[in-house]
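> Below are the chains, spelled out letter by letter.
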Amino acid sequence: MKTKHTIRLKVLNTVGVMARITGLISQRGYNIDSIMSTPTEIPEIYSVHLVLTETEDKIEQISKQLNKLVDVVKVTDISHNKNYIVREFIMVKISTSKNRTDLLQLIDLFRAKVLDLATNYVVISLTGSPRKIKRFIEAVQPFGIQELDRSGEFAVLDV
Amino acid sequence: MNGSQIVIDALKQEGVETLFGYPGGVVIPIFDALFKEKELNVILNRHEQAAVHGADGYARSTGKVGVALVTSGPGATNAITGIATAKLDSVPIVVISGQVKNGFIGTDGFQEVDMSGMTRTISKHNYLVNDIADLPKAMKEAFHIARTGRPGPVSIDIPVDVLISVLEDYKYPEEVKLPGYKPTIKGNPKQIKKLADTIQAAEKPLFYTGGGIVAAGAEKELLTVVEKTNIPFVTTLMGLGTSDVDHPLFLGMPGMHGRYAANHAMMQCDLLIAVGARFDDRVTGDLSRFAPKATIAHIDIDPAEIGKNIQTEIPVVGDAKHVLKELGKTLKARPANGWCKAVTAWRDETPLSYSQKPNKDLAPQHVIERISELSKDDAIIVTDVGQHQMFAALYYQHKSPRCFLSSGGLGTMGYGLPAAMGASLAYPKRQVIGIIGDGGFQMNIQELATCAINNIPVKAIILNNQYLGMVRQWQDLFWNKRYSKVCLKQTPNCPPNCQGPNPDCPEVYRPDFVKVAEANGVKGLRASNVEELDTVLKEGFAHPGPVVIECIVRKEENVYPMVPGGKPIDEILLGPEKEEA
Ligand SMILES: Cc1cc2nc3c(=O)[nH]c(=O)nc-3n(C[C@H](O)[C@H](O)[C@H](O)COP(=O)(O)OP(=O)(O)OC[C@H]3O[C@@H](n4cnc5c(N)ncnc54)[C@H](O)[C@@H]3O)c2cc1C
Ligand SMILES: Cc1ncc(C[n+]2csc(CCOP(=O)(O)OP(=O)(O)O)c2C)c(N)n1
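Those protein sequences? They're chains A and B, same order as listed.
Position 27 (the first sequence) corresponds to 27 in the working numbering; numbering is contiguous.
Position 103 (the second sequence) corresponds to 103 in the working numbering; numbering is contiguous.
Source of the hints: derived by calculation from the structure; they are not laboratory data.
You may find that some hints are simply not true.
What the hints assert, rightly or not - EDC-like mimics (lysine to aspartate or glutamate), calculated; alpha carbons at most 20 angstroms apart, straight line:
{"id": "1", "chain 1": "B", "residue 1": "Lys64", "chain 2": "B", "residue 2": "Asp197"}
{"id": "2", "chain 1": "A", "residue 1": "Lys134", "chain 2": "A", "residue 2": "Asp149"}
{"id": "3", "chain 1": "A", "residue 1": "Lys64", "chain 2": "B", "residue 2": "Glu313"}
{"id": "4", "chain 1": "A", "residue 1": "Lys58", "chain 2": "B", "residue 2": "Asp280"}
{"id": "5", "chain 1": "B", "residue 1": "Lys308", "chain 2": "A", "residue 2": "Glu56"}
{"id": "6", "chain 1": "B", "residue 1": "Lys140", "chain 2": "B", "residue 2": "Glu313"}
{"id": "7", "chain 1": "B", "residue 1": "Lys308", "chain 2": "A", "residue 2": "Glu147"}
{"id": "8", "chain 1": "A", "residue 1": "Lys74", "chain 2": "B", "residue 2": "Asp302"}
{"id": "9", "chain 1": "B", "residue 1": "Lys308", "chain 2": "A", "residue 2": "Asp77"}
{"id": "10", "chain 1": "B", "residue 1": "Lys137", "chain 2": "A", "residue 2": "Glu44"}
{"id": "11", "chain 1": "A", "residue 1": "Lys98", "chain 2": "A", "residue 2": "Asp57"}
{"id": "12", "chain 1": "B", "residue 1": "Lys308", "chain 2": "A", "residue 2": "Asp57"}
{"id": "13", "chain 1": "B", "residue 1": "Lys376", "chain 2": "B", "residue 2": "Glu168"}
{"id": "14", "chain 1": "B", "residue 1": "Lys186", "chain 2": "B", "residue 2": "Asp197"}
{"id": "15", "chain 1": "A", "residue 1": "Lys64", "chain 2": "B", "residue 2": "Asp302"}
{"id": "16", "chain 1": "B", "residue 1": "Lys190", "chain 2": "B", "residue 2": "Glu175"}
{"id": "17", "chain 1": "A", "residue 1": "Lys64", "chain 2": "B", "residue 2": "Asp280"}
{"id": "18", "chain 1": "A", "residue 1": "Lys68", "chain 2": "B", "residue 2": "Glu14"}
{"id": "19", "chain 1": "B", "residue 1": "Lys182", "chain 2": "A", "residue 2": "Glu147"}
{"id": "20", "chain 1": "B", "residue 1": "Lys182", "chain 2": "A", "residue 2": "Glu54"}
{"id": "21", "chain 1": "A", "residue 1": "Lys58", "chain 2": "B", "residue 2": "Glu313"}
{"id": "22", "chain 1": "B", "residue 1": "Lys489", "chain 2": "B", "residue 2": "Asp302"}
{"id": "23", "chain 1": "A", "residue 1": "Lys58", "chain 2": "B", "residue 2": "Asp197"}
{"id": "24", "chain 1": "B", "residue 1": "Lys177", "chain 2": "A", "residue 2": "Glu44"}
{"id": "25", "chain 1": "B", "residue 1": "Lys204", "chain 2": "B", "residue 2": "Asp302"}
{"id": "26", "chain 1": "B", "residue 1": "Lys308", "chain 2": "A", "residue 2": "Glu60"}
{"id": "27", "chain 1": "A", "residue 1": "Lys58", "chain 2": "B", "residue 2": "Asp302"}
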């Protein structure tokens with residue numbers, strides 16, 4: 001059964017490391033749901049967060065193959081690991097033409113942040129667990145999402 | 001020192017003695033630095049693919065890192081097949097290519113190709129060295145990565161401006177610092193113990209060994225284990241020579257063209273212990289029906305190989321030599337049981353067979369048997385790809401490791417002659433014999449000149465069946481004998497739907513290999529029957545320089561045993577003679 005997995009990599013900040021990672025995954029015939037690469041507290045190390053929807057054994061094979069890349073220092077599948085705090089950041093532009101008050105109430109309920117409020121739309125940002133983000137998107141869907149941009153999931157070890 | 005001098009110094013520091021190369025615009029600086037070079041033997045090949053196969057043959061025969069040097073653009077693209085060949089068979093080589101200068105990269109400059117992009121998936125690792133300060137480190141790391149862990153090819157692409165710029169305080173690094181690269185050598189003791197216990201309890205255990213045994217130099221450790229426990233073993237194409245073929249516990253090669261006993265033992269064992277073998281589809285056949293009764297144990301240095309193709313109950317990550325040594329200590333001796341006796345009996349009851357009538361065309365199997373008989377004990381056999389490769393695998397009496405070099409994973413036609421050249425340069429005093437098809441020989445035939453000029457005494461034996469034999473065999477067996485474009489004699493006057501040799505066939509075969517040999521300054525010999533064969537083999541082997549020996553063999557001989565693609569490996573075609581009998 002295919003399920004969503006978030007894989008966290010620590011990689012050397014070398015030219016082409018992202019091409020190696022994405023190339024490896026596409027070469028083996030898998031799709032990437034999201035990928036994010038960011039600097040860390042160590043200048044030569046970057047963090048890469050990958051989200052893939054695949055079966056357990058495929059994820060294991062991808063993780064092992066990623067581990068073989070010389071520039072990849074560490075690979076962790078954090079999907080079922082309680083020791084990680086996982087967050088995603090989103091920005092959404094939502095139409096206010098349907099039921100503005102209800103929408104603003106929802107936004108408030110989720111503690112999303114209003115970045116701009118125009119006559120016929122609102123732009124908000126929200127940070128939260130994957131579950132919260134999912135619920136929020138479901139909740140505002142009926143109002144009319146005009147644009148949605150997501151950071152992809154990222155995580156930090158909490159032990 | 002400038003970048004070019006650093007490259008050469010690094011090669012020497014790494015113990016490189018022979019370099020296979022081909023010059024071009026952007027690598028002139030390196031060749032210039034080699035102008036008066038005496039320590040390094042620089043071989044000028046006639047094609048970059050052959051240069052890389054040369055480095056590969058050198059590496060497979062010695063276990064050391066082979067090195068090739070090519071120019072940018074077409075030089076780099078010509079090297080690609082060689083790099084991929086080495087990748088699929090885990091061969092340690094370093095390929096250095098020139099690149100357009102830094103400022104031109106990305107502009108579609110003259111002879112610019114994205115070498116690091118192209119080699120990403122066909123190398124173990126690659127470098128684009130934009131800055132001379134990074135060059136010493138890249139060279140050091142490249143050799144380290146190529147030869148350690150699971151060996152493989154490493155590509156280093158160097159822009160020409162780096163080759164001519166100067167590094168003031170050059171010092172070749174003593175150590176590598178690679179936080180993301182730490183191959184596991186020692187096997188986990190708990191896993192080894194678990195494996196030993198499982199072996200002890202198994203009734204029908206079987207060792208399935210491969211190229212990893214050769215890479216690890218673990219043949220002694222393997223034999224210690226199997227002899228102590230009387231467990232039979234099979235060896236893949238890449239592992240041939242791990243033991244003498246006559247070893248009492250050896251069942252032969254398994255797989256598509258594997259021996260009856262080897263395949264049946266795989267299918268019936270209750271414990272299959274893979275060591276340095278990767279469950280390739282040429283070996284397993286239909287995976288879903290492979291080794292149905294077996295618990296799978298897998299010893300491999302590459303964790304990604306374990307569980308890749310087959311679910312594994314007992315994984316042991318580590319170097320085969322280390323793990324087998326520990327396993328040997330842990331295991332208790334046990335006598336040959338019923339299983340062991342049964343499978344070795346299957347082997348003895350199913351010898352390979354073919355027919356060779358005294359006055360008829362040469363059987364390719366007979367040619368191999370005579371080569372085996374007449375060659376020296378330490379001869380190195382190098383094959384090309386096709387039927388002759390399988391005949392060589394099956395009929396040659398393999399004796400020791402690193403003596404059978406063959407492109408298994410990529411199956412690269414054109415590999416044989418240049419790889420034999422590389423092996424011969426590594427071992428000038430040993431007999432190096434190429435066994436090559438008439439099709440594949442023409443894919444790197446230009447290297448005859450390289451062999452002649454450098455007096456590289458390769459004995460290239462062509463098994464000329466006038467067909468692209470392996471493809472013809474498939475058309476024969478599975479495509480209703482529709483011999484589409486596999487006859488190397490076919491002219492525009494031939495009927496396009498020809499289904500085999502007939503009295504109207506054109507008489508001449510092109511090229512005349514003996515004349516081609518002679519035109520290159522290589523001795524050319526030909527044999528068409530049993531008597532001539534022994535005469536020319538003896539004459540060719542006695543000749544001090546390179547030789548081409550063309551053997552005109554039966555045109556439509558097929559390789560048996562054969563398991564049709566997609567079938568389980570105990571559904572074996574044994575050939576017309578066996579099936580009639
Ligand atoms: C026309 C044709 C027909 C073929 N038919 C057959 C056939 O019938 N039978 C057959 O066997 N092959 C056949 N082959 C070859 C086949 O395609 C594969 O190349 C071959 O089976 C792979 O061999 P291997 O499993 O030993 O792996 P290799 O490719 O040799 O891989 C070596 C394995 O060992 C591991 N390893 C490396 N170093 C170490 C170490 N130090 N310690 C532990 N592990 C290590 C590696 O990680 C890898 O998993 C054929 C090829 C061609 C071209
Ligand atoms: C570069 C390359 N092209 C095509 C093939 C497909 N192929 C595999 S075996 C074979 C026939 C080889 O014919 P020949 O060299 O005459 O050897 P034979 O099989 O007759 O012994 C071909 C075309 C290949 N393996 N490599």
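> Determine for every hint whether it applies to the structure shown.
Evaluation of the provided hints:
1. B:Lys64 with B:Asp197: The given pair, whose Cα atoms are some 36 angstroms apart, is violated under the 20 angstroms limit.
2. A:Lys134 with A:Asp149: Given pair Lys134 of chain A, Asp149 of chain A holds - Cα atoms ~13 angstroms apart, limit 20 angstroms.
3. A:Lys64 with B:Glu313: The hint holds at about 17 angstroms.
4. A:Lys58 with B:Asp280: 18 angstroms, holds
5. B:Lys308 with A:Glu56: 12 angstroms, holds
6. B:Lys140 with B:Glu313: It is violated: about 38 angstroms lies between the C-alpha atoms, which goes past 20 angstroms.
7. B:Lys308 with A:Glu147: 41 angstroms, violated
8. A:Lys74 with B:Asp302: Holds: Lys74 of chain A and Asp302 of chain B sit about 16 angstroms apart, inside 20 angstroms.
9. B:Lys308 with A:Asp77: Between Lys308 of chain B and Asp77 of chain A the Cα gap is close to 18 angstroms, so the pair holds against 20 angstroms.
10. B:Lys137 with A:Glu44: The hint holds at about 16 angstroms.
11. A:Lys98 with A:Asp57: The hint is violated at about 46 angstroms.
12. B:Lys308 with A:Asp57: Answer holds: Lys308 of chain B to Asp57 of chain A is near 9 angstroms, not above 20 angstroms.
13. B:Lys376 with B:Glu168: Given that 20 angstroms is the threshold and the Cα spacing comes to 52 angstroms, the pair is violated.
14. B:Lys186 with B:Asp197: 19 angstroms, holds
15. A:Lys64 with B:Asp302: With a Cα-Cα distance of about 9 angstroms, the restraint between Lys64 of chain A and Asp302 of chain B holds, given a limit of 20 angstroms.
16. B:Lys190 with B:Glu175: 32 angstroms, violated
17. A:Lys64 with B:Asp280: 18 angstroms, holds
18. A:Lys68 with B:Glu14: Violated - the C-alpha atoms of Glu14 of chain B and Lys68 of chain A are around 24 angstroms apart, more than 20 angstroms.
19. B:Lys182 with A:Glu147: 45 angstroms, violated
20. B:Lys182 with A:Glu54: 27 angstroms, violated
21. A:Lys58 with B:Glu313: 17 angstroms, holds
22. B:Lys489 with B:Asp302: 45 angstroms, violated
23. A:Lys58 with B:Asp197: 30 angstroms, violated
24. B:Lys177 with A:Glu44: Holds - the C-alpha atoms of Glu44 of chain A and Lys177 of chain B are around 13 angstroms apart, at most 20 angstroms.
25. B:Lys204 with B:Asp302: Violated, at roughly 26 angstroms.
26. B:Lys308 with A:Glu60: Holds - the C-alpha atoms of Glu60 of chain A and Lys308 of chain B are around 9 angstroms apart, at most 20 angstroms.
27. A:Lys58 with B:Asp302: 17 angstroms, holds
Violation of the numbered hints given earlier is confined to hints 1, 6, 7, 11, 13, 16, 18, 19, 20, 22, 23, 25; the remaining hints are satisfied by the structure.
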